[in-house]
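Asks: What follows is the residue order along each chain.
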Amino acid sequence: MLSILVGVLYTAGVYMLLRRSILKFIIGIIFMSNATNLLVFISAGLVAGKPAFVNGATTNVSQLADPMPQALVLTAIVIGLGMAVFILALKYKYFEVTGTDDLDQLKQTDSQK
Amino acid sequence: MLPMLNLVILYFLFALSIFILPKAIKSQKGILIAFLQMAAFVWFVFKVPLVSANNSELLFLKWIPELGLNFEFLLDGLSLAFALLVTGVGVLVFLYAHSYMKSYDNTAKFFFFLLLFSGAMLGLVLSANLIQLFIFWELTTVLSFFLISFFNEKELARKAAFQSLVITFLGGLSLLAGIIVIGSAVDSYSINDWVAGADKIKSSSSYVPGLILILIGVFTKSAQFPFHFWLPGAMQAPAPVSAYLHSATMVKAGVFLLARLSPALGGTDEWTFIVPLFGVITMLVGSYFAITQTDLKAILAYTTINALGVLVLLLGIDTNLSIKAAVLFLFIHAFYKASLFMIAGFIEKKTGTREINELGGLIKSFPITSAIALLALLSMAGLPPMLGFLGKELIYEAKVQSPGFGSMIFIFGFISNVLMFAVSMKVLFKVFLGKAKKTYTVSRFKNTFFVIGPAILVLISLVIGIAPNLFGKWIIEPATNVIYASPVNVELALWHGFNQVLLLSIATVVLGSMLSYILIKYNRVEVLWQKFNTTVFPVNLPELFTKTIESFVAFSVSKTKILQHGYHRYYILSIIVFTAVLLWVQLFVTKGWQFEIPFTFKPFYISGLVFIIMLATLFSVITRSRIAAILSMGVTGYGMALIFLYYSAVDLAITQILSETLIVVMFMLILQRLPTFTKLSSKATKIRDLIVSIIFGTAMTLVTLKAINVNLSSPISEFFMQNSFQKAFGENVVNVILVDFRALDTLGEATVLVIAAVGVSVLLFSKKSKS
Amino acid sequence: MNSIILQIASKYVRWLLVIFSVIILLRGHNAPGGGFIGGLLAGLSLAYKGFAFTPELLKTEMKVKPESFMGLGLMLIFISVWPGVFIKSAFMEGIWFTIPFPFTEGYKFGTPFLFDIGVFFTVIGVTVLFLFSLSNNKSWK
Amino acid sequence: MNIVALPLLIPFALAISLLLFRSPTIGRWVGPLGSFAIFIVSLYLFSNLQTNGILTLNMGGWDAPFGIVLVIDYLSALMLVVSSLILVVVSLFALRFLTDDIPLNRFYFFFFTLAMGMNGAFITGDVFNLYVWFEVMLISSFVLITMGKKKEQLEGGIKYLALNLIGSFLFLAGLGLLYGKTGTLNMAHLAEILRNDNQAVLMNTSGILFFVAFGIKAAIFPLYFWLPASYHTPNITITTLFAGLLTKVGVYTFIRFFTLFFVQDQPFWHNLLLITAGFTMVIGGMAAASYYETRRILSYHIISQIGYMIMGLGIFTPLAIAGAVFFTLHNMIAKTGAFVASGMIAKIKGTYQLKEIGGLYKDNPLLAVLFIIPAFALAGIPPLSGFFAKFMLIKAGFENGNYIITAVALLTGILTLYSMIKIWNEAFLKKQPDNQAGKVDVKLAWPDYLPLTILATASVLMGIFAASVFSYTMEAANQLIEPSHYINSVLKNKMP
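Residue numbers (the working numbering), protein chains in the order written: chain A, 3 to 115; chain B, 769 to 1539; chain C, 108 to 248; chain D, 235 to 730.
By construction, these hints were calculated from the structure, which means they are not laboratory data.
Check the hints yourself; a few may be wrong.
[Said to hold, decoys possible] Capping the alpha-carbon separation at 25 Å, the derived lysine-lysine pairs in DSS-like fashion look like this:
(1) B:Lys794 to D:Lys673
(2) B:Lys1329 to D:Lys385
(3) D:Lys596 to B:Lys922
(4) B:Lys1315 to D:Lys673
(5) B:Lys922 to D:Lys673
(6) B:Lys1117 to D:Lys385
In isolation and in its complexed conformation, chain A is listed as follows:
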């Protein structure tokens, strides 16, 4: 079920990436980011209701949820946050400079001179 959600999120992400609006593009990026995080999270297996807290008394650790992917996803979320904000700022700046939201206007750097 969750893997289908991954697929849906990727589909939505890619579709949004392929739109011409800058804003939609960023939403696409965030969907992709979420999809990837979810993928990482679920690919290591899921354990419900047993978070990885241990103390001296804990013995049977193998029943707890795997904390590793959690840590990885946490890192990835934070990195994704940084990236997302930066791209937001970049697109905003671009809009400020050029006054367009259309990605198809981004042709100048590829044109022959």
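Starting from the known structure of chain A, fit chains B, C and D onto it as the hints suggest.
Replies: Positioned in the frame of chain A, the structure of chains B, C and D alone reads:
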């Protein structure tokens, strides 16, 4: 034997030092270099006795032995013959250049490159490792590029330099490939190993492709048909360069290599078919086009092509006679052609033209020069008592006796010789004899260096022509022995009886004289002939070359425009499609889809949650309101946080909520300053994008499903859980991983955030906004 | 968004949030929380004031620049890297000692904790700088 | 004391100090001196490696595969040394060539974070850690490329960023799958698991994700589009920094991953690598031939040359991989040199357009010499560094029977030469065009020549001392082809 290496190094060091010479000496650098060449020449002369006893010296230095790459300098009959040519002609050319280059600026550059070239050429002919030889080979290519483009502000010179560079570089690549291909058969690049393993090479499957690749290299360098056309173009170079590179040395590099490889690769059917074939064609092309030229240097260039053709032909015939003839002709040609080029340069300097129709009767103004030219032309025409006569006789003999398609070769050789004779006579009568169109005054002393080079060369030619035996024994025989790989007796004599060959020579002279008479007497014949040539041979190779390059560039431009079209979305599209295709291929190949899909709706509230997230996502995609899109994106994010929470990831859920909040806040901050959505894509585009997205999305789903089902090893995280409390003193394993077990990740992550923050501030705070 | 309610509420809520974030940070090692979460919370609480009033006000009011927060945070991280290599064997190796605390076993303090505090400050600085930058516009109300 | 972490920590400390102290004077000193310190440390580590074998450091004292381990083998060390040399050069270059719209100390801040990310990527022995360093490097480069805030820079930045972000996501997804399947992130441990398991072929799907992710970073066909769209937009200093380093990190990871992990279904991977390599070479070369702007020519040229490196990996013999490594090292130096030269030309003439300039051969012979060395090195003309790299690759290709790709590689050499000679002909040999006659050239001072002199010398030395460079790269290749040594060094304390 170290001197050989030192000698080559000396050349390079000396070349570098040209730039730092004190001014007073700097102006005499031509003479200075001539002394260096002289010393080298003498050193080689002293090696003659050694070599004529059929001994050789080898210097072996390890370099990168694993690659088969070593320094191997070999001095034997063949390399000595070439080394003598390189240094001997070098002396004279530098003396000549000393005078010739006086009127130009930047001569330091010129002498630098020319001397470097000299060193590279010397290194080339002394190389016994083929990769080492290739290195020097490429150096000569590059240096000749610099020398041809010496008059760099002339477009023609640049074009010619570029053309010769591309052709010879192409050939160089082919040569390299050939060397590697054949080298892998005997696992060595040393010529000695090649000769020793000749049978192994010839029977291996790589022989034919390797031979062809090497021959392409040889043919480009030695201006064989159909690569010959760069050589006339190269006449844009200053005269010393033409005299040195394009007659005596560089173009002979290919001939040298052919001779070097002859014992290793020669003698097979392929060799005796391909090599003479191209030699004959080149010989004919050279002489045929030489006759209708009117530019003195162009005539010389085409006759050089002819001579190179003859040399290749003789090496290809591969009999002891033909090889003997080849070695002899090598010297003959170097002698007369270098002197003629020098004289041509002299004439151009003094008269301001190279057009033979504008010249005439130069003997009156320049008697000495003209006399030298006369002798050189006689040698070229193959008349006694010059060395050229000897050569021609020997060549005829070789051709007559050549196996295989000997008679054909013989007929073509005869035609070519007739043409060559006519060309020589034409030049002689049109330029030096006949009516003077203008008289030139010359001061006697300034010309010394101009004349001394050609004079010496012609004199040698004359002396050896009359008394050739010593020369034959000492120089020709050792070289022939090396090429033929078995002892050959060389007896040379100017007069060797009244025989078939002499008859041929007489016929050549008679026919040639008639032809040249017609050409000189009736200018119209020549003009008509030229017209005939342009109609019958409409393909102008240099132009074809330029056109090919141009059309290739045009092709590249159009293809690049198609690929680098600038549409950002299509870049993404192509990446996604590429990924999706590869993923699907892999899914099929590894049959990853065959296992069961654990499709359950339990627990139902998670299913409900997933359903809501999907709806939110979908809504965010299709809505036309920006705020709605962002908020539903937020819902997706919070939904994910709930999933995390359910599946035991408390910290993760909190982080997700907070960062999602932050992102939504950021969006809201700039939202009002961005334009509203407008409809930009057509329906067809949307459908296409949708299909691509779905293909990609399903691929990812399947991949995920697969991942859940494969478990190759138990995870390392159990270690963390066991040690988190005891060794790292923390109960929250996730946090302990972040700050202790994998703290380096967190360090990087914090750095990413800081960079992003500073980056955003750099981007948006600006003292002066530039647009 | 210049609402009075927000402004009044912010006075109290903000400080509550900051205190809460510090608690989150401190207990992070043993319970959900930690530097990231705490930092984000604290950063958002500062931003909250920005929402309530104007970011310009916050900018003038804040005595410490966000960049200094980040610098301090990274510095703490950097410092926490070193004790391990000198006292034990490797960079970043955890060094722990116990601060005696009345009525309990004592509070364990170590370089990983220092590290976490560094992260905390860094994230505060980053969040605030993000908000400053993106709201850096005169039309913003 | 085990100082393997220093290549990471030095730039980190320098970046912090630049964040805290923002005086330009400090930046002026910290930049070059800091880079030099990194260079020295790299050299020290390299010599240490030669005596002690593979160096490892378990961060936090946690044994591999549990903690993050830093590993320096020959490949890492060589990349470290050369890249830190590039850092030194670019830090000097920046002093003279950065324009006013980019504050120097800000530049150096991102410069060092970039260096930190790059060094981290080179020395880490942990795949997720690699991802983190990739991101550090990427976000630094995102900021750098947009720093001038001009329209085309923002535009190039958006394309660059978007495509690279997709790469990052795929990388991360691949990582998740990898962990999900194997339960470990340590490279050596992964390699051990994947090599001893016949089910490992199921990993190929994650392999694809890595292939695309690294392909985007390394700019191979058909994933390279971001590079020519963006590389010519920022200040030449920044372009130079990117040109020498960024794509090569992608190549590094390619080599690392496809020698360590994805070795089960070799024909598939090697054919895929070779096909993409061939297209990359040809299309990059063709595109380079079609431009008349130095930075664009050189940008496409980067792509073309990436093809050679990937080709070496695809042939997959020790010699071929050594050739790929050699080629990468050579290319980092020579390519940076070519970009530096183009920056110098542009500073003198005020434009990158070849049609508007000329006459430099006469006016500035020193620059001519300094340009032609890296240019010919790139074209593979002996005895400069490029020749040996190319020779190794071609030899390996022929000996392994990969005739087609080798022929393509050889013929691409012509395209390379053509584009280099085009710059030479137009900028140096040709006369200044008449319509530009009025322009006054900017005179360069001696510090302007310093960076290029270092690079040209390095390129020549690499040719002269090709034997030792060869033996290093051969060592690297042997370690890569036979990774048991690597695995054992990393997992020496592995708990049962």
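Asks: Each hint needs a verdict: does it hold in this structure or not?
Replies: Hints, verified against the model:
1. Distance check on the hinted pair: Lys794 of chain B and Lys673 of chain D sit about 34 Å apart at the alpha-carbon level, beyond 25 Å; violated.
2. A threshold of 25 Å between alpha carbons decides the hint, and for Lys1329 of chain B with Lys385 of chain D the separation of about 21 Å falls inside it, so the pair holds.
3. In summary, the hint linking Lys596 of chain D to Lys922 of chain B is supported, as the alpha carbons are separated by about 13 Å, within the 25 Å threshold.
4. Of the supplied pair hints, the one linking Lys1315 of chain B and Lys673 of chain D is violated, its CA atoms being roughly 33 Å apart against a limit of 25 Å.
5. About 22 Å separates the Cα atoms of Lys922 of chain B and Lys673 of chain D, which keeps this hinted pair within 25 Å; it holds.
6. Between Lys1117 of chain B and Lys385 of chain D the alpha-carbon distance is near 57 Å, which puts this suggested pair outside the 25 Å criterion.
When each numbered hint is compared with the structure, violations occur for hints 1, 4 and 6.
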